[in-house]
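> Chains as they are written, first to last, in our numbering: chain Y, 307 to 656; chain G, 636 to 1135; chain S, -14 to 435.
Be a bit skeptical, because a hint or two may be false.
[What the hints assert, rightly or not] Within a straight-line C-alpha distance of at most 27 Å, the following computed DSSO-like cross-link-like pairs (lysine-lysine) qualify:
hint, chain 1, residue 1, chain 2, residue 2
1, G, LYS1034, Y, LYS355
2, S, LYS33, Y, LYS552
3, S, LYS(-3), S, LYS18
4, Y, LYS326, G, LYS1086
5, Y, LYS326, G, LYS833
6, S, LYS265, Y, LYS634
7, S, LYS419, Y, LYS326
8, S, LYS(-3), S, LYS49
[Unchecked claim] Computed Cβ-Cβ distance ranges for the label pairs, DEER-style:
hint, chain 1, residue 1, chain 2, residue 2, range
9, S, THR194, G, GLU1041, 45 to 53 Å
10, G, ALA827, Y, PRO574, 32 to 40 Å
11, S, ARG422, Y, ARG636, 31 to 39 Å
12, G, LEU987, Y, THR523, 35 to 43 Å
By construction, these hints were calculated from the structure, which means they are not laboratory data.
Every residue, glycine too, gets a C-beta built ideally from N, C-alpha and C.
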Amino acid sequence: MAEVDGSSQDTRRRFEQWAKNPRCAANAASAILNIPMIKVARAEGVATKFGQSPFALARGQSFERAMFKEDAAVLREGLVANGVLPAASRGFADFRFKRNGGPITNIDDGLAATTAWMKDLAAGRFERTIAAGATIRIPGGVMLPHATLCIDAIAVVERDGRPSIIVGEVKVYPDRGGYTDATQLATSRAQAGMYVHGLRLAIDEVKLGSKLAVESTGFLVLSRSGSNRISIRANEDFSGQSERAKTGLATLSTVAQQLKLQTTAGLPVIQQAPVTYCESCVSFCERADRCRSEAERTGSGALLGDEAQRFLGDVTLTRVAQLAGGAKPRDEHEREIARLLAATEVRDGR
Amino acid sequence: MAAERDTALRLRAFLVGKPVARLEYRPLPVVAPRDRMLAVFLRMGGESSPWAIAWKRGKSKAEFRSVPEARRRTDVAGKVADFGDALCGHFESADGALRQLWIPGGTHAEMLHFIALRFTKAKKADAALLPRLNRTGRRCTQLFDSTQNPNSALCVDATVRLKEMFAFPCEPIRENHLGFLLAWLENGPGSARAKAAKAAEALSVSTSLDPEIERSMVSDVEGWNEASSEAVRNRHAERIHNVLESELRRRLELLETAIAVYDDAASENPGAQAISSSSMQEMARFDDSEDFVAQTGIVRSPETDHSPTTAAMSYAHKDADMIAARAALVPFDRSCQEDLIAEGSAFRGDVLSIGPVTIGVRTLRTQVVVATDGGLPLRLRESDSVVVAGDLSGKGVWKITQISDESNRAIRSITLIAQQATPTGPALKRGSAGIVFHEKLDAELRRRLAKMVSNTKSMAADGMARGAWILEKLAEREAPDAAPDVEQFDGTKTKVGTDA
Amino acid sequence: MPNRTVSTDGAKHRDRLGATMTKIAADLWATAKSPSVTVVSSPPGAGKTRTLIAVCQHAMKARKRVGVACQTNAQADDVCRRLAIEIGASRVCRYISATGDDTPPVAGCHVESTANNILAGPLVVVGTTMKWALIENAPDVDLFLIDEAWQMALASFIPLLRFCDRFILIGDPGQIPPVVSAPTERWETSTNPPHRAAPEVLRDRMDVTRVSLPATWRLPHDTANLIRDFYDFKFESAAMEGERSLRFVAAKSDTIAGVDKSLDQLTRHSIARVLVPMPKAGGLAQADPDVAAAAAATVVRALERKATATAIDRDVANKSLKPTDIGVAASHRVMVQAVLSKLPSELRTQVKVDTAERWQGLERELMVVVHPLSSMENPGDFDLETGRLCVMVSRHQSGLVVVGREHIGDTLDGILPVAAQPIGQPDAVARGLKRHRAFWKHLDESERGI
């Protein structure tokens, strides 16, 4: 949520773009080369809409500001009430950029300030137990020379005499209990997982790993319906997602090597890369229509969704039409398809 | 529905180039226009309360309400209260008839829940406004719950109902767009429908506005906030309202079309009468609960139930509702029976033999042996109880005593024994073909479970439940519900910027 | 020849386990002398019902009455039969519904549908959970035992609180959770979620006595080590290393995809693998004919090579395996059908081939399992759920062969799990993925002799 600068937003966005359809080489190339698919789509003459809601962006900023003002009073109250921080916790480390209401003017300052704070923690100085916008750098990334992350919120507690960092992810969408949007939750956890993984790497990089721990459980900060108040959900399990970030970045690195992409490679590389269309493409890729047309041409079951693709395997829709027309099934699988089709009676479809 | 059957229906739709019916009959009653209310919502990006609301009761003209600045909470609350008055009035003036609220799709159901969460337990607001808001919240809790309940016809999500009625030749993810679905359901060749559906998809029908539209409104919203005079403010407000009304109108029109399409899709399942009845009972229960609220101040939470007995009762009733809806519809609709067969909760077979059998010492019952397709899934096991599809009483129970497969597994023979001396349901005889037996859909068992949980609670309160101490332990440390207040906009004029 | 040293150590090991089990039953009875809730976690084949019966024996000695709730009528009948052996049929009452079958599950066992008609005095009354939950009046009992407790939701447990103030819930937390058909979003953030397994909620919400059974008596030594990752408590095998073995007549030639090689592997380990190469052309589908053929071929070859099982711990020596001693499990019905179609017709009614759900509670000397992710290059959450895998790999007494396409390792490595679970719930998909990966890694290492 604290989209402080392009590179931090890009890192996560590109990773998640790739993760949405890792089997598509064009998608991988776009993420690795940092050429947004919208550019590729426009170059191919696709009319695209762009951008997020301007009001949503403003809301995010005002929500965050309200939470962190006066030494993060609102956030602290919530974290104490939910058992994340002890009642006696104090201090706020504000690493947010100026445009978000903080004191930091550039990435390097942010990195330096965050590192200094972590060293304080490692040395047992717990003066500041909440941090906003902590900036870290993941060494040796695949998509940039190094990937920079800005972490929405961090709480620090003492466990067995050692400082322990608890990652939080801040989102504006409302907490609706069990009805809270699952896709939004998945996105939030994915981001938090990346932070957990990134923090561990960054801490190791400055050789503080034996003195400073990062917990695998963290917290989500959501909004309350129709209100500016926050809702904190503690004890969220980020371990799987931090593992996802770790293996995902490693996999992406391997993919990049296999694709042998030059950093100077441009749009044509993406345009020429093979595509693999799947259902999720509809929700995130501006070239989805083009790839769908390709899937239509080849008769891929993906036209009817992931479940249909899984079921059909390499049986094309053309073959399905033949089976429906009475063609002899070649094997058990085709017999099953024919049987299921026969069981669906055609009624008065409109 | 089993995933494979869904895939097969989707394939069928693809092959014919148009949606195909999933069901033989329409499972839900569509009430007359005078008993219908339509509602659509819009929200500002990032917000979870309405920026604008439109509603239409019966054949009256549609009402449109909006606020120029959706982040001014008291202004929004005022409009929600207006909507709530109309909504509550619609149901309270039912006069013995079933009343319905129709909404276009899932994000509008979500808005009902937002309203419920926000206002049901709000405690601080203008004295005249607060009771209207609380009442609106409670009603929205009921109606949101209704959208999740197939045994309820009170609040109808048009998108969900059209998806239930038809299989579309596309990816499931696209089916959440009402305009997309309606375009496919228009007449014409498949290619024209596909093209129309694609065009329809480009226009939002959710509660969110297209970001381009929002961007075009930024200057008016900021202008309204910064206006130095009433006249200037009013001009901005009018422009904002015009845009919002236009968007609301489009959604309302789609909703009206959807209702007509759904109503026309098929005849009403005769079993839908049971759903109407249960919905009427739901309306009556709500009225009783309003009395309870007035007396005790205890309100049903829009989020969850923490009390172990309340949660258990509520869950048992929900389970019962799922079963009751099926029990009402399955006897009449062969497609519903096919769904059960695909799930393994039913089988179709031919009667190989039928005759008396002695149970125990001298009890005579009817035994039947049925030959079924051995290749189909079967979750039912020996000792399970089934009924013959079409047995409207649901009381003609047969118990499976043996399931055996032929050596080539093509045929599976199932032996059943009737549990009554004279089984109800369609008459069976040797050679009867294509008889469907399905799991006994007994909602009463779940309702009874809810009743026993209620008994447990009463007995515990009276000191008569030996395990009451366990209930007390479970009831400890329940998480409190938040009670948000209706607060003012904090006045921070956050500049609405462009996206990064 | 049986190794006498192994046998002596093995006997001591089992005596110790037996003593532990006896003590557990005694401790359970002791705890139950006052109002309490005890949750007993059991690995597969660990003697859940044996423990339940042992507690009943204590109760009978103390002249008390026990209520037993089982999840199905078949389970209730089975418990009655086993109780009758240990405590006498006259001390067993099968509590049935008003329209239930009144045939006694075992001669001499009482059968009643009305509480008032149940005999006074020390008795074990066995009924289904539904029966107990739905009755208005119940017979007096001093203790309530709930079998297969992880199959019972909290909502079904609450009505039992009318009748008793002390409960022992015993079950296997690794099994496939029961299907919940009603939407549960409303209660995902409840402090008392009614749809969740009763033992889990009780453990989370109050002080309960926690006990775990120490060993699986079904599974061989190395299998127990493997499936321990699926559980959050420790257990071992009652069989020591080397006490269970399978032998096959020497193969004259290899068959499909290394089937004979995998059978040879079973002479050294209790788990082996058959990897089917990827097809040269075309994609994969759920009903993979090559994998089905490999699974069927494994069964056929095991019989052709005259498989014999030895289990020193069970006093089994050179038992020739018959078709009814072999089973095949798969996640999906279509694969079940595919395997059946590849088996010779004479084997189809003798070798049980079924889905994981229908294998729960059953066992065979030799199991052949189609890996849940085989032929799934893009698995969904259903496929990653580990209850199914856990059930499938815990049915065998002597040997398990896992059959699947060779993409599985790469597929597992490539999965980027999505954490879309409701607020506050554990990340079951990631946990399942971790377990899948550990299992596959074990198979790799086992093949390499690590």
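> All hints, please: hold or fail.
Hints and how they fare:
no., hint, verdict
1, LYS1034(G) to LYS355(Y), "60 Å, violated"
2, LYS33(S) to LYS552(Y), "41 Å, violated"
3, LYS(-3)(S) to LYS18(S), "32 Å, violated"
4, LYS326(Y) to LYS1086(G), "47 Å, violated"
5, LYS326(Y) to LYS833(G), "22 Å, holds"
6, LYS265(S) to LYS634(Y), "23 Å, holds"
7, LYS419(S) to LYS326(Y), "20 Å, holds"
8, LYS(-3)(S) to LYS49(S), "34 Å, violated"
9, THR194(S) to GLU1041(G): 45 to 53 Å, "50 Å, holds"
10, ALA827(G) to PRO574(Y): 32 to 40 Å, "35 Å, holds"
11, ARG422(S) to ARG636(Y): 31 to 39 Å, "35 Å, holds"
12, LEU987(G) to THR523(Y): 35 to 43 Å, "59 Å, violated"
Going down the numbered hints, you'll see the structure goes against 1, 2, 3, 4, 8 and 12, while the others check out.
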